[in-house]
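So the protein lines, in turn, are chains A and B. To convert, note that position 211 of the first sequence is 211 in our numbering; the numbers rise steadily by one, no gaps. To convert, note that position 224 of the second sequence is 224 in our numbering; the numbers rise steadily by one, no gaps.
Calculated directly from the structure, the hints in this document are not laboratory data. No residue lacks a Cβ here, since even glycine has one placed at the ideal position from N, Cα and C. It is possible that some hints are incorrect.
Derived CB-CB ranges, DEER-like [what the hints assert, rightly or not]:
no., chain 1, residue 1, chain 2, residue 2, range
1, A, V25, B, D175, 51 to 59 Å
2, B, K77, A, P167, 18 to 26 Å
3, B, S163, A, I118, 29 to 37 Å
Mimicking BS3-like on lysine-lysine, the simulated pairs with C-alpha atoms at most 30 Å apart in a straight line are [claimed, not checked]:
no., chain 1, residue 1, chain 2, residue 2
4, A, K163, B, K73
5, B, K7, B, K133
6, A, K263, B, K154
7, A, K201, A, K22
8, A, K171, B, K186
9, B, K73, B, K105
10, B, K73, A, K201
11, B, K102, A, K262
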Amino acid sequence: MKQELKINLLHQKYIQTLIRRKRWVRFYQAVIFLLFFAGWETASRLSWIDPLVFSSPSKVLNLLAAKIQDGSLFMHLGYTLFETVAGFMIGTVLGTLLAAILWWSPFLSKVLDPYLVILNSMPKVALGPILIVAIGPNVSSIIAMGTIISIIITAIVVYTSFKGVDPNYLKVLQTFGATKRQTFMEAILPASFPTIISALKVNVGLSWVGVIVGEFLVSSKGLGYLIIYGFQVFNFTLVLMSLLVIAVFATIMYQLVEFLEKKLIKNSG
Amino acid sequence: MPFLQLKNIHHTYFTKSSVTTALSGITLDIEEGEFVSFLGPSGCGKTTLLSIIAGLIRPTEGTVLLENLPVDKAVNKIGYMLQQDYLFPWKTIEENILIGLKLMKTLTPEKRQKALKLLEQMGLSGFESKYPKQLSGGMRQRAALVRTLAVEPKLLILDEPFSALDHQTKLRLEDLVYATLKSYGKTAILVTHDIGEAIAMSDRIFLLSPRPGSLYHSFKVPGLLRELSPFEARNHQTFSEIFQDIWKELDHIEAGT
Ligand SMILES: Nc1ncnc2c1ncn2[C@@H]1O[C@H](COP(=O)(O)OP(=O)(O)OP(=O)(O)O)[C@@H](O)[C@H]1O
Ligand SMILES: [Mg+2]
Numbered sequence: 001m002k003q004e005l006k007i008n009l010l011h012q013k014y015i016q017t018l019i020r021r022k023r024w025v026r027f028y029q030a031v032i033f034l035l036f037f038a039g040w041e042t043a044s045r046l047s048w049i050d051p052l053v054f055s056s057p058s059k060v061l062n063l064l065a066a067k068i069q070d071g072s073l074f075m076h077l078g079y080t081l082f083e084t085v086a087g088f089m090i091g092t093v094l095g096t097l098l099a100a101i102l103w104w105s106p107f108l109s110k111v112l113d114p115y116l117v118i119l120n121s122m123p124k125v126a127l128g129p130i131l132i133v134a135i136g137p138n139v140s141s142i143i144a145m146g147t148i149i150s151i152i153i154t155a156i157v158v159y160t161s162f163k164g165v166d167p168n169y170l171k172v173l174q175t176f177g178a179t180k181r182q183t184f185m186e187a188i189l190p191a192s193f194p195t196i197i198s199a200l201k202v203n204v205g206l207s208w209v210g211v212i213v214g215e216f217l218v219s220s221k222g223l224g225y226l227i228i229y230g231f232q233v234f235n236f237t238l239v240l241m242s243l244l245v246i247a248v249f250a251t252i253m254y255q256l257v258e259f260l261e262k263k264l265i266k267n268s269g
Numbered sequence: 001m002p003f004l005q006l007k008n009i010h011h012t013y014f015t016k017s018s019v020t021t022a023l024s025g026i027t028l029d030i031e032e033g034e035f036v037s038f039l040g041p042s043g044c045g046k047t048t049l050l051s052i053i054a055g056l057i058r059p060t061e062g063t064v065l066l067e068n069l070p071v072d073k074a075v076n077k078i079g080y081m082l083q084q085d086y087l088f089p090w091k092t093i094e095e096n097i098l099i100g101l102k103l104m105k106t107l108t109p110e111k112r113q114k115a116l117k118l119l120e121q122m123g124l125s126g127f128e129s130k131y132p133k134q135l136s137g138g139m140r141q142r143a144a145l146v147r148t149l150a151v152e153p154k155l156l157i158l159d160e161p162f163s164a165l166d167h168q169t170k171l172r173l174e175d176l177v178y179a180t181l182k183s184y185g186k187t188a189i190l191v192t193h194d195i196g197e198a199i200a201m202s203d204r205i206f207l208l209s210p211r212p213g214s215l216y217h218s219f220k221v222p223g224l225l226r227e228l229s230p231f232e233a234r235n236h237q238t239f240s241e242i243f244q245d246i247w248k249e250l251d252h253i254e255a256g257t
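Next comes chain A alone, as it looks inside the complex (with noise of 0.2 Å):
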């Protein structure tokens, strides 16, 4: 009994201390976030750093205000959230079916593994141009670019994981007769996911690039054409919104995939 109380005080002590190093982590965190924007204030006001080309907090939060005010915010913002999950996922999904195709024909892999290499270090974005041409100078070929982007990566990098299954479940699989239909979603596919997820966390980051470059070549909307259009008439205060903005929604995109990693895969590993 007297010994539980012991182990129970512990216990409570134990908490409490990861407890308190957490808040401290919170603070400094807080403390950088503060200084770096009163420090940025500051610069500003007193012309430490020219004004007029990296602007101030105050001056970013007001015309952000004025932005949501006049409703111009969320149209542009509405654009690119659109094309950016599109492309993100449409550059999953298709990598993924890309590289349950060469699991299913070890022939094709074979065949289409240079080509592959090659597609996968040429600089996506360089392919802009040619998209826009193609598709036509719209929403369509700027979700292309969001998707080309991340496609490829992910087919090698999921065929990669479906190859690496232990051969032992497919083994399992075999000695009840299972036909490779049933193998790829009975052991292949779950025995993935977890890399599957991964390769999602990437993508959001490349789908995000994909598109912010697919606005700076044609849109007229959206916040990459904020940034190119601020940065064409002189006005980094919108060009540094604009910045923020994506910087919170790429962590909202990013946080809300590891909360889908986390429903996914608690059971597997």
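Got chain A; can you put chain B with the ligands on it based on the hints?
Okay, now just chain B with the ligands, sitting in the frame of chain A:
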């Protein structure tokens, strides 16, 4: 007509840089309900032989007949248990033990009930909705056995099923597996490194020579020991005599190389 016939089995593996003959000229018959073991030095082709018997790989030469039919047409009659459990970590224990029935499209409520019953007999009731990683090694091995038996195979193949377990768990599982197989009247083939295990569990023991594996010697376990459970057999006095005999033969095999 013997239950299982192996006729002049040869097998050679080809890779780009090597040619490995794993088995040569294996001919033997196994009767229904018999429990036989294969003993042999590492790399002599035991796993290869089991894969051939299970119809998973085709021998470069020779045939395997199960009830007079070639085994590659009888996959569903053979249950194969690997050295480790290889339970699917993303499936619950129940899903794991029913996977065979599901794949063969023979999953009926009665069969499901039967499989769950078997799980209970193996002392695993209450673990149906747990995941494999929540079970100990011995429990997982038992669950893997249930998965193999759930499809009611006529022939059970066991490739060093207990080698990854601690000694005590292993002895207990030997008894459990033995009793289960006897009560269902199953024919079984066991590969093991453990001479004692072979004697305690089998009716007949085959010694294989080093690679390329061929039949070197075979032992019949006396009826006296066969009546006993593996644990009791290990404590019997004739046990150590046979152990000595087999030990000597294995020594011969090693010395001959
Ligand atoms: N897929 C393969 N390709 C080429 N060679 C192989 C292959 N599988 C096995 N071998 C070779 O065939 C021989 C027999 O292998 P096998 O796995 O059947 O031996 P084993 O008796 O089961 O060994 P152990 O007791 O270590 O399990 C070994 O020399 C091995 O290297
Ligand atoms: Mg082996």
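Task: Hint numbers not upheld by this structure, sorted from lowest to highest - done: Going through the list in order, the structure violates hints 3, 5, 6 and 10 and respects the others.
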